[in-house]
Amino acid sequence: MNAAVISFPGSNCDDDLMHAIGTVLGERVTKVAASATTLTGFDLVLVPGGFSYGDYLRSGAIAKFAPIMPALKAFAAAGGYVLGICNGFQILTEAGLLPGALQWNTSLQFICEPEPLVVANAHTAFSNRYRAGQTVTLPIAHGEGNYYADPATLQAIEANGQVVFRYAHNPNGSLNDIAGLTNAAGNVLGMMPHPERAVEQLIFGTDGLGVFESLKEAIEEGAYAAN
Amino acid sequence: MFKAKIYVNYKPSVLDPKAQVIQNTLRRLGDDNVQDVLVGKYFELTLAAADQAAAEAQVARICDEMLANVNTETFRYTVEELAVAQ
Amino acid sequence: MFKAKIYVNYKPSVLDPKAQVIQNTLRRLGDDNVQDVLVGKYFELTLAAADQAAAEAQVARICDEMLANVNTETFRYTVEELAVAQ
Amino acid sequence: MLQTEMSPETIKQEKPYLQWGLTESEYDLFAEKLGRLPNLTEIGLASGMWSEHCAYKYSKPVLKTFWTKNDRVLMGPGEGAGVIAIGEGKAVVFKAESHNHPSAVEPYQGAATGVGGIIRDIFSIGAKPVAVLDSLAFGYPTDPHTKQLIDQVVAGIGDYGNAIGIPTVGGETKFAPTYAQNPLVNAMCVGVMDESAIQRGQAAGTGNSLLYVGAKTGRDGINGASFASAEFSTAEAADRSAVQVGDPFMEKLLVDACLEVTHQHQEALVGMQDMGAAGLVSSTVEMADKAGYGMVLDLDLVPQREPGMTPFEIMLSESQERMMLCVKAGHEAEVEAVFKQYDLDAVVIGHVTDDGRYRLTQGGAVVCDVPVSLLTDDAPVYHQVGKQPARLAHPAAAFVPAVSDPAATLKQLLADPNVAAKSSLYRRYDAQVQTNTIAGPGGDAAVIRVRGTHRALALTTDSNGRYLALDPAIGGAITVAEAARNLVAVGAQPLGITDCLNYGDPTKPEQFYSLQESAKGIVEATKVLNTPVISGNVSLYNETNGEAIAPTPMIGMVGLIEDLTTVTGAGFQTAGELIYVIGDTAADFNGSLLQQVQTGSVAGRLMGLDLQLEQAHQQLVLTAIRAHLIAAAHDVGDGGLGVALAEMTFALGIGAAVSLALPAAQLFSETQSRFLVTVPQSAQAAFEALAAGMAKLIGTTGGEMLQINAADGRIEEPVAVLQTIWEESLPCLLK
Ligand SMILES: Nc1ncnc2c1ncn2[C@@H]1O[C@H](COP(=O)(O)OP(=O)(O)O)[C@@H](O)[C@H]1O
Ligand SMILES: [Mg+2]
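Chains A, B, C and D are the protein sequences, given in the same order.
Okay, so the first sequence: first residue is 1 according to UniProt numbering, each after it adds one.
Okay, so the second sequence: first residue is 1 according to UniProt numbering, each after it adds one.
Okay, so the third sequence: first residue is 1 according to UniProt numbering, each after it adds one.
Okay, so the fourth sequence: first residue is 1 according to UniProt numbering, each after it adds one.
Since the hints were derived computationally from the structure, they do not count as laboratory data.
Bear in mind the structure is a predicted one, so any value in this text is a computation, not a measurement.
It is possible that part of the hints are untrue.
Cut-off 20 angstroms, straight-line C-alpha distance, at most; resulting in silico cross-link-like pairs (DMTMM-like, lysine to aspartate or glutamate) [what the hints assert, rightly or not]:
#	chain 1	residue 1	chain 2	residue 2
1	A	Lys-31	A	Asp-15
2	D	Lys-216	D	Asp-256
3	B	Lys-3	C	Asp-36
4	D	Lys-735	D	Asp-28
5	D	Lys-422	A	Asp-15
6	A	Lys-64	B	Glu-73
7	B	Lys-3	C	Asp-31
8	A	Lys-64	B	Asp-64
9	D	Lys-128	D	Asp-143
Could you build all of it, start to finish, from the sequences and the hints given here?
Below is the structure:
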């Protein structure tokens, strides 16, 4: 797998993703500045957590204007795998690559804690290494992770099986306990919890590895099929 | 020179956690006669434009693309020309 | 029933990183005719009160104690009585 | 709106400097050394540079007594932060800073900018900031004002650290009536770097350039250094000109850009320093002073946020997120290009000179021309004489607690906010970003992995105003010992300390006495425990309406773990572990949390501290952990054995049955130098051989109950019940 991690000014989980994919998984990974304009050659693009451009207006609201965004949209439209984590999820919804929006947590407080999640759909490129109904624990660390979509959109999301992770104990007010979901095509995932923070036994356990291993498998199978 | 005054509010159908917290706090502190709270954002942009129509068009675009998230928010604005002396 | 419209803004001498980022982004996107950006908060409170004066006094207190941080922000408000039918 | 500036003669007559904290005799001294009457800018700069915050005029004689060197220390006090070698070519850099006054006035921004400031101290040395800790002290959260203060301080710390991407991994939160009007907000930052890349804040080499980097200068926080060096009165609360606003986004760019310069343009960089207290003047003057040079700055070149700023305002503004670099002549463009990439202002505003003078120009006119040394070395130093307060000379009779129902007392202590779980506060901090956090907040010490090595660092902050109120010398030593105990409990060898010395008005002999005496205790403890002081900060004048806080030195300590498999936690791991207590227990209740809870204050003669015994106990725990003989370890602190045992049950919900030949009241005694450890049965013989009588077997882990049998009473409570009290108390108090 050949991954790109987009680094926006204010991103702060880009290095953690580089470490998880490059050092822990031993896969190819490149940091791409948000000022770049192409993403050719990659088979996975990651949009990291952090506070892009300070997140002062709304989370992700400024990042969607970054020079890299047209390339990201084209990459996604062509079926490339895109994973947005935390601020990355917020950016993808702002950019229209995922439905809905992320509002302030109902407590209006930033929350950092281990969060048990239930795998709602194990048949996606991002979750095929998990079992449906399995509980995995990943850290969350966000102030604006309260997922909202209007009723019609929400219904379509559920009908399509787009929800991949749900909170076991909803920490932030998200509708339908949604912690992570894909687009209708299934090649773009946004999630608030941080799988890249849970890839080493010593640090937080390894419950997050499955996300990256799932992608590796999906990409390698895809590459094989394409040959 | 034109000045745009822009209001961005949550759509009525969207539950706003901020408004909720403010109203709860007011209630707890004894201001329980406050029956409704709306929390919005307010922006002022000062911009040079050829005419009123051009200014309005630009402001509408900036609101739509940047200042409001149209999934959850609505916006309204006024644009007025500033007296030259200013 | 009264409706208060409240504007909270940073004092002019206080650094506002929010406005800064918005203006820089507008400039980068070609909206460089926008010469000044002010970012504020806007609130509407609907409250029952004996009369206009009571409503105003309460709104002023709520602004001072809760809605604005008087160290860094200033506020202004209008209060008007709502028609009974509403 | 340019006003005509007051003439030197008018200044002499009208004495505007008094309101900036400079005394008449200090003015006279300045004028005498200058050889003429200073103008407004010059005397304004003096007020900042000669403030306690910058010149340490009262605390210098005390700070001189600190023990600051051993063979591991690479850089001691005097620079932005201190540096200690940790092996494998790496070094740890750390420092703490207080933001008590700004946080009292504007809690959110005060706390946020405190974090921003201490982070700049760390990367100015060339280190990557890897962790933040916060040490907070408030009044008991009984009134809405205190609740809001706590909420805003925590929000400010969290919002800054979270946004910039440095994990806040630990700290402490204390509650006592003494801090009700004067909260303490201290922050510590820890960085890691290659030993070979240490930067200094110096401006050397005639003709080299002074590069201003970062945010524009505004009228915020003007003369904050003098402000921090003055006592606070509630009548002044209305006068709030000094609010600085933090911009963590800007600081994130600054960290990345400055580290890029230090790593990739090392040959171009002469020195780097952050602009902290007394802003532009203190950073530049200190850089010139350290190198023995002079400088000339053109104020017209300083990036300014507002028009019409006077030299006084520009030089003493404490706008945040600014750095000063000294760059070799000819290399300016190369360094500026790095900052351009990050969209940051980087402007040459002056040059290094060889004449030792500090010269400023504005609009072509010279507005300041004084010797650099006049602003630094010539600052007065006061050799204050301390006086023992009467309450210490004649301590009250020993406190005898009434503990008729030890279970009820235990519950009361678990619910006290000093003991109760702080997770509702620290969960607002991102503790995991950078993915090196092995143990985040909640344990005895935080543990973070050092990337590129096989090592980890353990971090803690500790303070105990209750003990210092009764005996500053012993209390000071205990604070150091307690910090070391917390590190040892997670398996770390203590390396060194930073401090924030939070005290009252040093011009009052009784306050100065506390400062002086506690320094003696700190020095003694650091020598025995081999933990030199490598950096720190002084916050005096913590008084409101003439009432000083309890003397509260905050000790931030860093320890080293050389084997990642030995990281140890405080929670019981399995049923059937043997529980040992290390250290004897006596009727030590003066200054205890129990005394504060039962009587509302502390009094009496403080218990003693035997530093040799302390050292021996710490060594035993560390050796046993390193030999893999220990399953769990916890120091015994506030609330004594009863509280410590309860805390050990909470991690995994594993209970214990313990018998102690002590009066039940002594379950809550705070005798020093004690640990609780658990040992797997398979390691019993090896551990007891090592302990050689220092450890006493008191029970076993297991079950869902905490059972403690004392000589004249017992506790038998479900762990779940105790845990609920402990977890829900603080959120409930803060509602
Ligand atoms: N303000 C805070 N910020 C971060 N962590 C905190 C804070 N307050 C408390 N903690 C965490 O809670 C733990 C318990 O605090 P404390 O009772 O002071 O510990 P100890 O008695 O072991 O020194 C600390 O080790 C720390 O990790
Ligand atoms: Mg401890």
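### Query
Are the Cα atoms of Lys-216 of chain D and Asp-256 of chain D separated by 20 angstroms or less?
This hinted pair holds, its Cα atoms lying about 18 angstroms apart.
### Task
Sort out whether Asp-31 of chain C lies within 20 angstroms of Lys-3 of chain B, counting only the CA atoms.
holds (15 angstroms)
### Query
Regarding the pair Lys-128 of chain D and Asp-143 of chain D, is the alpha-carbon distance no greater than 20 angstroms?
Not satisfied, since the Cα-Cα distance of roughly 40 angstroms exceeds 20 angstroms.
### Query
For the pair supplied as a hint, Lys-735 of chain D and Asp-28 of chain D, is the alpha-carbon distance within the 20 angstroms limit?
violated (54 angstroms)
### Query
Regarding the pair Lys-31 of chain A and Asp-15 of chain A, is the alpha-carbon distance no greater than 20 angstroms?
holds (8 angstroms)
### Query
Does Glu-73 of chain B lie within 20 angstroms of Lys-64 of chain A when you go C-alpha to C-alpha?
holds (17 angstroms)
### Message
Lys-64 of chain A and Asp-64 of chain B were given as a pair; does the straight-line alpha-carbon distance stay at or below 20 angstroms?
### Response
holds (13 angstroms)
### Message
Given the hinted pair Lys-422 of chain D and Asp-15 of chain A, is their Cα-Cα distance within 20 angstroms?
### Response
violated (29 angstroms)
### Task
Measure nothing beyond the straight line between the CA atoms of Lys-3 of chain B and Asp-36 of chain C; if it is 20 angstroms or shorter, mark the hint as holding.
holds (9 angstroms)
Hints 4, 5, 9 from the list above are not met by this structure, while the remaining hints are.
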